[in-house]
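Undergrad: These are the residues of each chain, in order.
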Amino acid sequence: MKRKLPLAICFVIGIAMIIQFFIPHPTSLEFASMIYKWVIVLMVFALVLAIGNLIRHHGTKIKKKKQDWPYSIVTLTSMVIMAVIGLFWGIQSESLFQKIYLNIFAPLSATMFALLAYYMASAAYRAFRARSLEATLLLAAAFIVMIGFMPFGQYIHPRFPAFAEWVMRVPNMASQRGILLGVAFGSIATALKIILGIERAWLGGKE
Amino acid sequence: MKWYEVISNIDRRIIYVLLTVLVILPFFVRVTIPQNIMPQTQRLFDFIESIPPNDKAAMITFDYSPQTMPECHPMAQALLKHCFGRNIPVIGISFDPQGPGLAIDAFAIVVDEINRLATSSEDSLIYGKDYVYLGWKSGRIAAMLDMGESISGVFPRDYFGNAVDTFPLMQRIKNYKEVAIAIILSAAAYPDDWIRYPQSRFGVKVGAGLTAVMAPKYYPFLQTGQISGMMSGMKGAAEYENLVLKHGYARELGTAETGMNSQSMIHILIIIFILLGNIGYFFSRRRSK
Chain U
1 MKRKLPLAIC FVIGIAMIIQ FFIPHPTSLE FASMIYKWVI VLMVFALVLA
51 IGNLIRHHGT KIKKKKQDWP YSIVTLTSMV IMAVIGLFWG IQSESLFQKI
101 YLNIFAPLSA TMFALLAYYM ASAAYRAFRA RSLEATLLLA AAFIVMIGFM
151 PFGQYIHPRF PAFAEWVMRV PNMASQRGIL LGVAFGSIAT ALKIILGIER
201 AWLGGKE
Chain Z
1 MKWYEVISNI DRRIIYVLLT VLVILPFFVR VTIPQNIMPQ TQRLFDFIES
51 IPPNDKAAMI TFDYSPQTMP ECHPMAQALL KHCFGRNIPV IGISFDPQGP
101 GLAIDAFAIV VDEINRLATS SEDSLIYGKD YVYLGWKSGR IAAMLDMGES
151 ISGVFPRDYF GNAVDTFPLM QRIKNYKEVA IAIILSAAAY PDDWIRYPQS
201 RFGVKVGAGL TAVMAPKYYP FLQTGQISGM MSGMKGAAEY ENLVLKHGYA
251 RELGTAETGM NSQSMIHILI IIFILLGNIG YFFSRRRSK
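Chains U and Z supply the protein sequences, listed in that same order.
Anchor point for the first sequence: position 155 equals 155 in our numbering, and the numbering is continuous, going up by one each time.
Anchor point for the second sequence: position 37 equals 37 in our numbering, and the numbering is continuous, going up by one each time.
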C-alpha cells in the first residue's frame with residue numbers, strides 16, 4: 001500500500017494533466033489551476049525542508065566540531081540575521097535587508113564567480129592545445145567567435161562579426177538542435193516511465 | 001630552457017597579474033568602440049518597438065543572481081528604459097530566489113533616473129500604474145502555467161506585501177492575453193520552461209537576455225521564432241544599451257559598454273596566451289620527433 005498509493009496518484013494525476021493540456025474547457029482549466037496551486041504550496045514545503053536540513057547539517061558540524069566548523073556558525077548566523085532583518089524591518093529598496101544584499105552578499109558572490117576568470121585563463125593557456133584535428137577545429141571556432149564578438153572584430157575585417165554569427169547560427173545551431181531533440185525524447189520517455197510506474201526510483205527506498 | 005619551453009610554461013601568476021590589470025584598465029581609460037548590432041538583439045529591440053504604448057504589458061523575469069550581474073543587470077536596466085520610454089507597462093517577477101534583490105535595484109535605478117528628469121506627474125513613473133514588481137514564487141512551471149488564467153491568482157500580493165488587485169495596472173492586466181512579451185533575464189535554462197509551457201499553451205511571446213555561456217543553446221529557438229529576440233551576454237547588453245541610446249530612450253550608455261571593453265581585453269589576452277602555448281607545443285613536439 002505504501003508504494004501502490006503514490007504510484008496510483010502519480011498515474012491518475014499524470015494522465016489527467018496530459019489530457020487537460022489539450023482541452024481548453026473551463027472545468028479542465030479550473031482543475032489544472034487547482035493542481036498548479038498545490039504544486040506551488042508543495043514547493044514551499046520543500047523550501048522549509050531545505051532550511052531544516054541546512055540547520056541540521058551545520059548544527060551537527062558545529063556540535064561535533066568537524067573540519068571548518070566555524071564557517072557553519074557564519075552560515076547559520078547569516079541566515080538568522082537576514083531572516084530577522086527581512087521579517088521585522090522590511091525588504092523595500094531602501095531597507096537594511098536590501099543594503100546588506102547589495103553591499104555584502106552581491107560583491108562576495110560576484111567575487112567568488114569572478115575568480116573563475118583566473119582559472120579559466122590559466123587552464124586555457126595550459127590545456128587548449130591543437131593536439132588533433134578535432135581540437136584544432138575547436139580552437140579555430142573559439143578564436144572566430146571570440147574575435148567576431150569583440151567590438152573591434154569588425155576592424156579586422158568588416159565581415160568578421162557576420163562570420164562569427166554564422167558559426168553560431170549554423171554549425172552551433174545544428175549541434176544544439178541535435179542535443180535538444182535527444183534531451184526532449186529522453187524526457188518524454190522518462191516521464192512516461194514514471195507515470196506508468198515503470199521507473200520507481202523517485203519513491204525512494206528499496207524495490 | 002629553450003625559448004619554446006619558456007613560452008609554454010609561463011608562470012600562472014604572470015597571467016593573473018596581466019588579467020587583473022586588463023580588467024581594471026578600461027574603467028580608467030574610457031574608450032567607446034562602436035558596437036555592431038547582432039540580428040537577435042535588433043529583433044528584440046524591434047519587437048519592443050512594435051508594442052503599442054499604454055496597451056499590453058511587458059513581463060520581465062529577473063532570474064539571475066549577483067554572480068551574473070555584470071551581464072544581466074545592464075540588460076535589465078536597458079530594457080526597462082526602453083519599455084518606460086515607450087510607455088509600455090512593466091510587470092516584474094522572479095523565479096530565482098536571488099532575483100528579487102537585483103530586480104528592485106534595477107527598477108530603483110531606472111525609475112529614479114526617469115523621475116529625476118520628469119517635469120510633471122504625467123512624465124513620472126508611478127508604482128502600480130506604470131510598473132509593478134510581484135516578487136518571487138516557488139514552483140515556477142506551475143506558476144507560469146497558472147498565470148495564463150490569472151496573474152493575481154499566482155501573485156495575490158506583490159514583493160512589498162501590497163494586494164495586487166488594488167493596482168490600476170493589474171486591474172487591466174489579468175493574464176497572458178494582456179502581456180505582449182515575457183522577457184527572461186537569466187543565467188540558467190529558465191527560457192526552456194517558458195517556451196515549453198506558457199508559449200505552447202497560451203502562445204506567449206518569449207524574449208531572452210542570457211549570459212554568453214547560455215546563449216548558444218537558444219539559437220534553434222531563435223530560428224524557429226519561438227524566441228522573438230535575444231540579448232547574448234555582455235555584448236548583447238552593450239548592443240541594447242547602444243540601441244536605447246541611439247533611439248533617445250536613454251541619456252548615456254550603461255555599464256555593459258565599459259564591461260565589454262574589459263571583456264574584449266581579456267579575450268585578446270587569452271587568445272595570445274593560447275597561441276603562445278600552441279607555438280611552444282608545436283616546436284617542442286617537432287623537436288621531440
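Simulated from the structure, these hints should not be mistaken for laboratory data.
In this text the structure is predicted, and so the values were computed from the model without any measurement.
Honestly, I wouldn't trust all of these hints.
As the list claims (entries may be wrong) - Output of the computed footprint for chain U on chain Z, the stretches with three or more beta carbons under 8 Å from beta carbons of chain U:
| hint | region |
| --- | --- |
| 1 | 54-63 |
| 2 | 75-88 |
| 3 | 101-111 |
| 4 | 140-148 |
| 5 | 152-161 |
| 6 | 269-279 |
All residues carry an ideal CB built from backbone N, CA and C; glycine is no exception.
Undergrad: Could you run down the list of hints and mark each one as holding or not?
TA: Hints, one by one, checked against the model:
no.: 1; hint: 54-63; result: violated (count 0)
no.: 2; hint: 75-88; result: violated (count 0)
no.: 3; hint: 101-111; result: holds (count 6)
no.: 4; hint: 140-148; result: holds (count 5)
no.: 5; hint: 152-161; result: holds (count 4)
no.: 6; hint: 269-279; result: holds (count 8)
In summary, the numbered hints that this structure violates are 1 and 2.
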